[in-house]
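Peer 1: Just need the whole structure built from these sequences, with the hints factored in.
Heads up: the sequence lines are chains A and B, in that order. Using UniProt numbering, you'd call the opening residue of the first sequence number 1 and step up by one each time. Using UniProt numbering, you'd call the opening residue of the second sequence number 1 and step up by one each time.
One or more hints might be untrue.
Heads up, the list lumps identical chains together, so a pair's fine if it works in one copy or across two of them.
Dumping the calculated DSSO-like pairs for lysine-lysine here, alpha-carbon to alpha-carbon at most 27 Å [as the list claims (entries may be wrong)]:
#1 K279 - K154
#2 K71 - K404
#3 K365 - K419
#4 K59 - K91
#5 K317 - K268
Worth flagging that the hints you see were computed from the coordinates, not collected in a lab.
Take a look at the letters that make up each chain.
2 protein chains.
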Amino acid sequence: MEIKMIITSITHIIEGKLLTETHITVNGWVKTKRTSKIGIIFISMNDGSCLENLQIIIKKNVYNNKNYISKLTTGCSIKVKGLIKYSPTTKQKYEIHATNITILGWVKDPSSYPISPKKHSMEYLRKIAHLRPRTNIIGAITRIRHKIIYKIHKFLNNHGFYWIPTPIITTTDTEGNGKMFRVSTLNKNHLLSSQNKKDFFKKDFFKKETFLTVSGQLNAESYSCALSRIYAFGPTFRAENSNTKKHLAEFWMLEPEIAFAKLNDIIKLAIDMLIYITKSLLDERDKDLFFFEKKKIKNKIKLNKLISSNFEQIDYKEAIKILKKSKINFKLPVHWGIDMSTEHEKYLTEKYFKTPIIITNYPKKIKPFYMRLNKDNKTVSSMDILMPGIGEIIGGSEREERIKILDKRIKESKLNKKKYWWYRDLRIYGTIPHAGFGMGIERLISFITGVTNIKDIVPFPRTPKNANF
Amino acid sequence: MEIKMIITSITHIIEGKLLTETHITVNGWVKTKRTSKIGIIFISMNDGSCLENLQIIIKKNVYNNKNYISKLTTGCSIKVKGLIKYSPTTKQKYEIHATNITILGWVKDPSSYPISPKKHSMEYLRKIAHLRPRTNIIGAITRIRHKIIYKIHKFLNNHGFYWIPTPIITTTDTEGNGKMFRVSTLNKNHLLSSQNKKDFFKKDFFKKETFLTVSGQLNAESYSCALSRIYAFGPTFRAENSNTKKHLAEFWMLEPEIAFAKLNDIIKLAIDMLIYITKSLLDERDKDLFFFEKKKIKNKIKLNKLISSNFEQIDYKEAIKILKKSKINFKLPVHWGIDMSTEHEKYLTEKYFKTPIIITNYPKKIKPFYMRLNKDNKTVSSMDILMPGIGEIIGGSEREERIKILDKRIKESKLNKKKYWWYRDLRIYGTIPHAGFGMGIERLISFITGVTNIKDIVPFPRTPKNANF
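Peer 2: Shown next, in the form of structure tokens:
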């Protein structure tokens, strides 16, 4: 009689979704291997479906005449057929008693396998970004990232938001700071000929100079001014020459835009979403979170605190007062009007409030033209959410819906009004009060995992001088 | 006594989620307005949350002394307070008896409002891409697109897949055809100086020539070779000078990659996913689908057929035989080895099988280097899914996991082996059989809605000579 084999993933076995004595086939990579004194081979294998490894017991009668099994090393890929049994040890609940092992792929020159079982530095792992997903830490980050993103989609879907694929290639500089990547198909010969100075980009693919987007917001607004609740979720780009732990040239942003909303509505949405995500992670990716805990990153305590904490909300001018009162000798002196830097944010979130904080009503001069001017004529109806450890992860505002004031702000910001003709149209034809925010996905993941270098948060980071893999 | 007002969206009222006699506030845009003989104003308003408009009844006592209400035109934005009542007509189930109307935004020069209530051509609407989401057709496409994407994430999450943000800026040409956009920060002066011929890109942001990705697959594979089930979902780019109904320079792709999978596994996954999406749409976006039906696009019949139909699966060589037998005088003559064009696909899906079809085992010469070579040495273990009306929407394959054969294929394809060092590593260290596919999101939406020009499927299309908005 042929035995029915269930092909399964390790997470199903570990979670007890299959009964003991079930015949299963499971595939994965060898993490470690040891042979007991009485000749039983123990293989710890992983398939990335969860953090935990599956214990495989191979008795002599299985590997007899199959000497190659004893030659397995870390990183080899195998197919295991066997039975699920309760494990007699406390280390794991279930183990597999193998009836057959097939080797799918060897590791060439095992002594030089880049992902040996020993500890590797994060710097080293960045150089082998194609193999580092095989490590516990990058695996855990990947599963947590997925859960965060999935829960964001779910949360927004449940709240009546529609996803909008805002364009990546654009002619618009949303933030008005000009740090953009050019997109072009002009060939080298054209580039190297100096004759076409005037109409340089006329021969380009789009017949004009185009760039990679820094934000989908302006385009997203045109959809919120029709479908009310929408969100952009996509990659954004900054050609900034900053080599810090917090900056990437390419990163993903979530940008919800809500029609008929005020500042408090988006603050509530942002907090509700952050708490929903955090609760889901504590419920559903507990083991992956605990992995960081073990590394002395106290993120579970932090996350539990987050979901029960009040997000402290203060006005920018109040924040400035607190900083002044601190009597600390900040590198950037504190006065009303400054664009707070990391040192200020750190003091507020980590020293003074010891909790996430929301700062509202920033001076208009340090914020983009599209933020709604307050009655004081000096500040805009804006908010930033700052997290201990990572700083700003969310920035949002009411959008200026009054055409006259918008035009004034465009002029003040020295932007070309003509270029924003379609954005202005949204204020000319049935304008509405509306608001939205942007959230940097990588920074949120950094905050949640406690992994502080953002280059370890994305699979293949793009930074100055680096676009490898 | 103050009455408690519930701020709600139109879809909640239309779907009967609130009781009649509930006091509500609802915001939106005027679609049409008429005044009855006895002076009652009827406003049909929409907020984009659903296709249906909400009927607002404004009696004389409400708009008395508020003459401006009678001046409302299509496109004006309003805030309505009122009571939910059963509607006496069969046109709708519920209507609102207004107690107060606030005008949020007028339409400047109503006679020239670009989205007047009359019928507009799709060509015309493309020129006002920032306002067209206010039309029924673009609204319906947007809501359907969201549901499709959300259900894709849900389906893959439920099947144990993790999302991977594969890089957008890359040095790798996955498809090996070179139609890529360059990404650069070199300034015009550098571009116009012809002195740096040799080290032209050394001064660029990434210190080398970089491009926009044509596919996230190779990077995705490095994660499936560690986490088993993963998917890329992001924008991809082709700098092809094709101005057809089916081509965009920027489009979104779904790319699942599965470790330990064979061709039949990904065919099953693709079909299961398509059926799951289609069922969800029929259940949850019925009205939006019906809108296209009314436009004589028989998509509901088509979709109902899809979920019950067998996807016909045939070998490439069988498909060639069928085409030969047809005795049709195709522009591109049929023989084993051709890369089928639209005319061939149309014959197979629309004339011969009259159903979606899956074609397997294409000649290696017309497919990329990474597809797994079959035993015949002539074909690769690949599959395309073709839909009536739109043609190919899915293309997938087993991935060549044998390093020697991969190297041979890289050489045959005249690619530089060194550039693929990290991709080759995946075959050197614990290689595994694996497979995956790519699905063009816009083409799927085009198939489902029956809207045939892909420029109407994306919010802001990027095509040769066009990167407006």
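Peer 1: Run the structure past the numbered hints and jot down the numbers of the failing ones, going up.
Peer 2: Of the numbered hints, all hold.
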